[in-house]
Structures are given as C-alpha cells and as structure tokens.
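K.L.:
Let the hints inform the model, and build the full structure from the sequences given.
First to last, the sequence lines map onto chains A and B. Take the first sequence: its position 74, counting from 1, is numbered 73 in numbering that gives the first Met the number 0, and each next residue is one higher. Take the second sequence: its position 24, counting from 1, is numbered 23 in numbering that gives the first Met the number 0, and each next residue is one higher.
No lab work stands behind these hints: they were computed from the structure. Fair warning: there could be bad hints in the mix.
No copy labels: a pair is met if it fits in one copy or bridges any two.
[Unchecked claim] Keeping only pairs whose Cα atoms sit at most 27 Å apart, straight-line, the calculated BS3-like set for lysine-lysine is:
{"hint": "1", "residue 1": "K8", "residue 2": "K65"}
{"hint": "2", "residue 1": "K65", "residue 2": "K7"}
{"hint": "3", "residue 1": "K47", "residue 2": "K65"}
{"hint": "4", "residue 1": "K8", "residue 2": "K55"}
{"hint": "5", "residue 1": "K44", "residue 2": "K8"}
{"hint": "6", "residue 1": "K65", "residue 2": "K44"}
Here is what each chain is made of, one letter per residue.
Protein chains: 2
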Amino acid sequence: MIDDAHMKKAMQAYIDHFNRADHAAIAGLYADDATVEDPVGSPVKTGKDAIAAFYKMAVSTGARLKLAAPIRGSHGNAAAMVFEVQLNMPEGEAVIRVIDVMTFNDAGQFSSMKAYWSRSDMVVLSGPGATKS
Amino acid sequence: MIDDAHMKKAMQAYIDHFNRADHAAIAGLYADDATVEDPVGSPVKTGKDAIAAFYKMAVSTGARLKLAAPIRGSHGNAAAMVFEVQLNMPEGEAVIRVIDVMTFNDAGQFSSMKAYWSRSDMVVLSGPGATKS
Chain A
0 MIDDAHMKKA
10 MQAYIDHFNR
20 ADHAAIAGLY
30 ADDATVEDPV
40 GSPVKTGKDA
50 IAAFYKMAVS
60 TGARLKLAAP
70 IRGSHGNAAA
80 MVFEVQLNMP
90 EGEAVIRVID
100 VMTFNDAGQF
110 SSMKAYWSRS
120 DMVVLSGPGA
130 TKS
Chain B
0 MIDDAHMKKA
10 MQAYIDHFNR
20 ADHAAIAGLY
30 ADDATVEDPV
40 GSPVKTGKDA
50 IAAFYKMAVS
60 TGARLKLAAP
70 IRGSHGNAAA
80 MVFEVQLNMP
90 EGEAVIRVID
100 VMTFNDAGQF
110 SSMKAYWSRS
120 DMVVLSGPGA
130 TKS
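P.N.:
In structure tokens, the structure reads:
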C-alpha cells in the first residue's frame, strides 16, 4: 500500500506544477494507463497522450489553483483535496470550486483522477458577468 | 440524472441531521442497498441495517461536523464536500479532517458514501495528547 505522506506530497506537487504551468510535470505524476474525469459526469480521458493534451490546454488558460483546506489521505490508495481554480474568463474574474479525488498505483503514480464541480460551483467575482448572490 | 441543487441539499441535510444527532434521519438519506466506506480503505458497510447502526454509533460520540468550504456538485450523479469532525477524545479536543463523496440513485438517495481521511488527518487541539506541530 502507498504511504499516506507520499500521496499527500504528490497531491501538493500537482498544485505546485499547475501553478508553474508545468503541464509535462503534471502529466508525469500519472501512470501510463491512468484516467481523468474532469468534471465527474463528462467523458473520461484515458492514457498518457490524452492526459498530457488535457493539461497542456488547462495550464494555457493561465488558471491558478489554491487549496482551501489541508489535503486529506485515506486508509487505502486514495487521497482527496479541496481547492479553487482562479481564472479570467470573458465574463470577468472567476473561481471554480473543486474537489479532486486521486487513486494511486503501487508505484505511487496517480491511476485515476476525478474532479467534482458543477456549473453552480463556478462563480464570476467581478466584471460584466459577476454572479449576483 | 439527479439535479445538482438536490444533491447539494441532501449533502447539507446530512451535516444538519448529524449535528442534531438524528441518526435515523441520516440513515433515511440512503438507499436500501447503499454502501458506506468510512474511511476509504476500511471494510465497506452495505445496506440499511449496517448503515443505521454505523450512524447510531457515530452520533453517540457527540461529534459535530463543520463544513470547511461550499459543497461541490458534478456533471453526473455525484457530489463532494469538505468538513471537520469536531470531537472529544481521551487525548483531548480533536478534529478529523474529512472529504466525503456521495453518489446518488435515480430517486435522489445516496447510493454510496466514501470518506477520505487518514490518521494524519486527525489532530488533537488541546489536552494531554495535543499534537505538536
């Protein structure tokens, strides 16, 4: 079984690599046959090439990730974290509120990622499209 | 597919029922054939009786749940939330940092719950066992 500290370190590396727009380093955290479902309920991306292309696109938006609470481990090969995606959209400055769950293979790589967020978790903070609430 | 607003309302009801120690109301949010894995990596509890017994025990500890960020939905039949369990242990006042993921059946009931937390997510705040950090 994968060590809890290792899983949390890999989750933190994901955040840090993203915030340096280092898409290759993010993709390098994944196993060759890994899956990414972001958001949950959308088509699953499978394997190295699809995942690399996804993160190349994702970091090109200039988005930044900010943890909202400490990363959680588990008693198995899985960990979870809560964060906000901060990004500029045509509608203005926005955040998407996300929870990611990763599972790990025996080599300590991500074997799957699921990102929980819905349209109602996207909030425009300022600009012409600012969310009224 | 289950409405995002319904899922978030059910997640909030789970928190509220727990904080009233209303174990029957919590169990009532689950489908008859639902599963609970708390923490992830421990034996799965399956079905109405096992789940009802689990929550009867859980609320008897006097624990309280406090959301740490807004509940997240998804584009499918799943939602996630981050919270702290506040409880008194022999070692002192403690919190367990948890992320729960629920899936829903077509009737809008929880079909599964997974709770992500590890020993390193349990922190003793005060008393003889206070965590040094």
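K.L.:
Would you pick out the hints that fail for this structure and give their numbers low to high?
P.N.:
The structure breaks none of the hints.
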